[in-house]
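There are 2 protein chains.
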Amino acid sequence: MWTPRSWWSVLRDAEQSDPWSVQESDLDIEPGAVASVLGLANGFVGVRGVLDELDPDDEPATLVAPVFEEHEQTYAEGGYAYPEVEERMVPVVDAWRLGWSVDGVPVDVRRGTVHEHRRVLDVRHGVLDRELRWTAPSGATVSLTSRRLVSLVRREVVATWWQVRAEDDVTVTVRPAPGCAHAGDGPAPDTQSAPGPQAPGLVTTWCRHDAQGSSVRQRAARSGRAVAVETAHLVECSDGVAATWDDAPRAAALTARLRAGDRVRVLVLAAYAGGEDTAALPARAHEALAVAGRAGWDELQREQRGFLAEVWERGDVVVEGDDEMQQAVRHALFSVVQAAARVDGVGIRAKGMTGTGYHGHAFWDSECFVLPVLDQVLPTAAADHLRWRHQKLPYARDRAAELGLPGASFPWRTISGRESSGYWPAGTAAYHVNADVACAAARHAAVTGDETFERDVAVELVVETARLWAGRGHHTDEGFRIDGVTGPDEYTAVVDDNTYTNLMARSNLRFADALCERHPCEAARLGVTADERAAWVRAATRMVVPYNERLGVTEQSRDFTRHAPWHFEPRSTARFPLDDHVPYVELYRHQVVKQADLVLALHTASDAFSPEQKLRDFDYYEPMTVRDSSLSAPAQAVVAAEVGYVDLAYDYARECALLDLCDLRASTDGGLHVASLAGAWTALVAGLGGLRHGDEGVLHLAPRLPGRLRRLAFTVRHGDARVTVDVRGQVVTYRLAAGDEALLTHHGEKLLLTAAAPEERRHVPPGVARPAPAQPPGRAPLFAAP
Amino acid sequence: MWTPRSWWSVLRDAEQSDPWSVQESDLDIEPGAVASVLGLANGFVGVRGVLDELDPDDEPATLVAPVFEEHEQTYAEGGYAYPEVEERMVPVVDAWRLGWSVDGVPVDVRRGTVHEHRRVLDVRHGVLDRELRWTAPSGATVSLTSRRLVSLVRREVVATWWQVRAEDDVTVTVRPAPGCAHAGDGPAPDTQSAPGPQAPGLVTTWCRHDAQGSSVRQRAARSGRAVAVETAHLVECSDGVAATWDDAPRAAALTARLRAGDRVRVLVLAAYAGGEDTAALPARAHEALAVAGRAGWDELQREQRGFLAEVWERGDVVVEGDDEMQQAVRHALFSVVQAAARVDGVGIRAKGMTGTGYHGHAFWDSECFVLPVLDQVLPTAAADHLRWRHQKLPYARDRAAELGLPGASFPWRTISGRESSGYWPAGTAAYHVNADVACAAARHAAVTGDETFERDVAVELVVETARLWAGRGHHTDEGFRIDGVTGPDEYTAVVDDNTYTNLMARSNLRFADALCERHPCEAARLGVTADERAAWVRAATRMVVPYNERLGVTEQSRDFTRHAPWHFEPRSTARFPLDDHVPYVELYRHQVVKQADLVLALHTASDAFSPEQKLRDFDYYEPMTVRDSSLSAPAQAVVAAEVGYVDLAYDYARECALLDLCDLRASTDGGLHVASLAGAWTALVAGLGGLRHGDEGVLHLAPRLPGRLRRLAFTVRHGDARVTVDVRGQVVTYRLAAGDEALLTHHGEKLLLTAAAPEERRHVPPGVARPAPAQPPGRAPLFAAP
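Residue numbers (this note's numbering), protein chains in the order written: chain A, 58 to 843; chain B, 58 to 843.
Rather than coming from a laboratory, the hints here were simulated on the basis of the structure. For each residue, glycine too, the CB sits at the ideal point set by N, CA and C. Treat the hints with caution; some may be incorrect.
Stated by the list, open to error - If you want the footprint, here are the derived chain A segments under chain B, 3+ residues with CB under 8 Å:
| # | stretch |
| --- | --- |
| 1 | 127-136 |
| 2 | 322-330 |
| 3 | 613-620 |
Bound conformation, chain A alone (with noise of 0.2 Å):
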């Protein structure tokens, strides 16, 4: 089945340079920040940035998106209604690894000595990139070459090649599937003992590798949840080389005697199948294996920079005068999509598919952080996202009927679909989930014009979770309010009348209306009658949004300004993050935010509040947002920049890109946070570029420029239209480059470019004049501007 001409390629491009790459040698975090950095994923499988050498002490560095294992929750004291098992995704076998030997002894940067050793993440082309020059403990030296890639096309393919090169006489050993425990032929022999609660994984239950390949299939015992994972080996030597293969079944491996000069190739392609259906998988692994290899090397590399250059030609933002926040911004975009690309029934997850922090769970964060980027740069992964929620809606629907409500209710945190929180004041509380849901969906659709997927997925979300407002809430006197739920902020928990949850719950409800007028046979089919689209525009017209007239500020929460200030004292009130060093019960009293919660809505309900209140309520709220959760810089970015503190946006967007290339909150270990880097777009391009969506598909710019920068430049899109937008100093050029025309403004001036007048330039105005307000003490922007 194999050519070997099409893998055989070039392995470094010459038009790669630094903005566009991440070295290994530029970071300055722990190995397991690098893995996560380095890591390359397309949101169905995600593969570690570890070494290709297999290591007896790692874990498992592949990740695949539905496999998962069930653990039993314990609770102190239990409840109505609490999550019985949490999911954690499991690791599972790294088949892709190539154990290698030189003159008998294992390849390991640990022995021997290197002479040289670089690895580098190509953002652009999506690979990774390996060179060591070695010399084993036998005295001999070897060259090895190596680019690993994740398909962002077929979501089942891993693919690696490798090259080495002997500088002396030398014997090198490939063995393959290293990484499979169980080194048998056939059922694995420990396939019925499925390991104790207290250790649960993976079990193994076939493993098979020769010459040609592997397969290997592993399984959660509770979950159910399996992998079937085969493998092919393709190698290739320099003519005359001496190449034998043992083809023992426990024990396959190639033996070759390079002399100095020659070389040894191996491609390993690895397709992994996942999922509930065990018997379905090693076939549809095989099927997938068999397609990538006829496909080849080549044709492999070839997809994934096409891939990326729409990504790029969509989503690319020039940063010029600050090539830190240049790579950083690329790096950000790139693992975006790295999370999203393949994720048709999975979903995107907060880590991406980079670790398996916070158990591989998806949160709001996808709806409210992540899919905003993709409608623009991706939108296909956006769709895909939203029908894997749309999939889910049964738990959703079961869900809410446990709490006693109609509609639907999604998960704070999951895998599969069913809750896995065990901490409902911050988890089932949070019903802003569902609006977040609802309203991506509506979005997407209006966003991308796509009126199959507001037919077929939107309406139904729209609507199962404006039943779920129309039922959470109750009217009063002064209007429908909201009671008893969580906003984005943690720091404040179970209260009334959140007003981000109210606005967002608005929105659901409107969209509910509007989407059943607008498809009026999938309203019938969902039993919507007049009576019910009359209650919940009712409920979104008469929606309560505290407010405190006497200190002219929007209130996060009924009585939130009346709660005590939070003091932040030299003690444990000023050691972050503050729930490591303060009690719940004292955090929730007082005005203490988290993350952005109203600010958020001032960027996500932007049309609820004049521009005056939106610098009242940022300049109230910024004092007291300790960013302990890194959701809540892009909102603070996107906002500062609408009022007026431009520079201080630049900062929230700096720290949003390099979170992880720095590794600032010391949890990169567990994967990417991928809600924060796609904020660094955000930040950039809504918050710098002010974009936002009119009615009509007006793009609506209001681009700034900070003090550090020279230019800004980035691309926006009306319906076929597409229009650079590039901000040097104080000009903004608009340009049509491509399309019949487009219909946008500039900080509210209206422009209209035609392929007769495809360019206008503007001026750009200042920022406010007056300095931005003061974050807590210690919580000023990390990686700030100098």
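Chain A is fixed; fit chain B onto it per the hints.
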């Protein structure tokens, strides 16, 4: 050491009559609940009402207040300052048991033939009597008469008097301490084998028994809490009976060959010492046993009667027209006394010492429901309990510091004094426990006039808790707020300005100021400054009491009346307890009340509300109060009576009193509901009797008689004076029974009783004419009067 004469006594008293006893045959409840109802205890030691014969299937039935084990708390998602261990009271060896056999067959009422079997709890004298006539499998018939007492005077002592009378020639074997699993002599072989974490319990570290008695020592592996018990057996046989002791170290037993008519009698005295100081316990048990032995059985009985005679003289409530209630209210008061008599150093537990329900913990129940009764009936026990709280101030200070607060924060549930609650929204957040403790101390000092107690105990309790409140609340333009707390109603948690909490905190702050004024040296020792006192007074003066002007109703907590009403529909919304069918996240946001909260405030902070306001508030909250807690009915009874719903008040009084006798909550197996039983007394005396303690020691009375009753009579004290209140029909007679004079009011009218004019009669006004509000569907008072 023994004088056999001393325990020779007539078993049953002629004066015993039904309203003073509870017969097993009258109880239509499960055996486990019977064991609670027939339990004997003194607050330090408890012996559940099990049969005398050892049943290997039985759990040990003896509880010793300081003996608990620590269990790891497990949280699905942990948080700062969550308690790491849960304390659980562990039953100790039933060393008071006596194994006995007839013709070689162990006595077992499930075998042979039972001709008569009768058990009676005599609450006037504090003993459990038993009569059994039984034909053994051998065909021989014997009669057993036994009496058990747990001394209300000597905290370590459990005594059992046995007599077996032969009706045929028979061999009776008696074996001491058969309850000890380890039958060896000396250090137990399993001393070193601490039980695993899954099955913690007590390890027997020492066991010895012979003809004279037994010694057993047990220890909880993790907590280190230990118990030492010493027993002595005194045997007497009819003249001419051949009795031989087999004194084998592991099988000491007395064998007596009886002819028809012969008797053998055994007195078993047991003394339990328990606590932390393991080394000191055996000597303490030995000493207690020796002293009890010297006193002898008759004296133990005399002491018991004498102790209870004073209780009944002070606290008996005569109820005519409802025999069931008469019996129940005496059993209730007896149970309260059993829970409290000897709690020096250990405190009063929610279940008394009659079961391991709630793991043997003490809650606010003690201060809020039990101590008001004890202040009248057994003030020394109230003082002992409060001294226990005072001893635990170091833990409470540590806890406050851990929470970031000044002063002291008492645990929601505890044995040792450390917080043992695993769900903070209904644990730590229920800060009102601090005001409950402080106000109970101040009230005790005021009611008893015990200045030593006030100086040594009350001042520090009120000061440290006042400091907590001063730090826990904050001033705003509208007043002093206390946010993020949970009041008594556990279906509404983590709210702002809970009225009950605020009013109790206000009393707490005022008591602190007043007691510092009265005890300047003590205040100075505690570092109280004039500024601090001024801050307390200011907070008290400005304390917020939320109120709905439109409804004219006091808010249970801020905005409570604007929450959604609870619709009691046929489905899960009207299945009780609601929290078994509805998640907290939905319960909390609704106007549904688990237990009297605002209505409890109407009782405990009576002065803060006008009569009209009380009526409006009662009417508002009654239809939403589901009484899923046994702590609800007492306050509902008191307030119902006060606002004029006299029959409803009486229905609630019955529910309180009959709760355990009828096992209304199917939880009496775990022990008696001491607070509810105390509430029965409160419902009659403070409710129907209208007793309130006014300024300057004036007693306010406002008796009313429900339709069901012909008569209600009780005694109240005014300093050294004693006044009987005797309501018959529409006339009440106040009579000075002791002392020189007493000042009281009758429905507001002042009365002065003197030795010269010791009696006054007054008309009893009727209740309100209109019907009382309805309870939620299915939640009318249980066992309402017909």
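To see whether the hints hold, each was checked on the structure:
By the rule of at least three residues with a Cβ nearer than 8 Å to a Cβ of chain B, the coverage given for the stretch 127-136 of chain A holds, with 6 such residues. With a threshold of 8 Å between beta carbons, the proposed coverage of the stretch 322-330 of chain A by chain B is violated, since 0 of its residues qualify and at least three are required. As drawn, the stretch 613-620 of chain A meets chain B at 4 residues by the rule of a beta-carbon pair under 8 Å; at three or more, the given contact holds.
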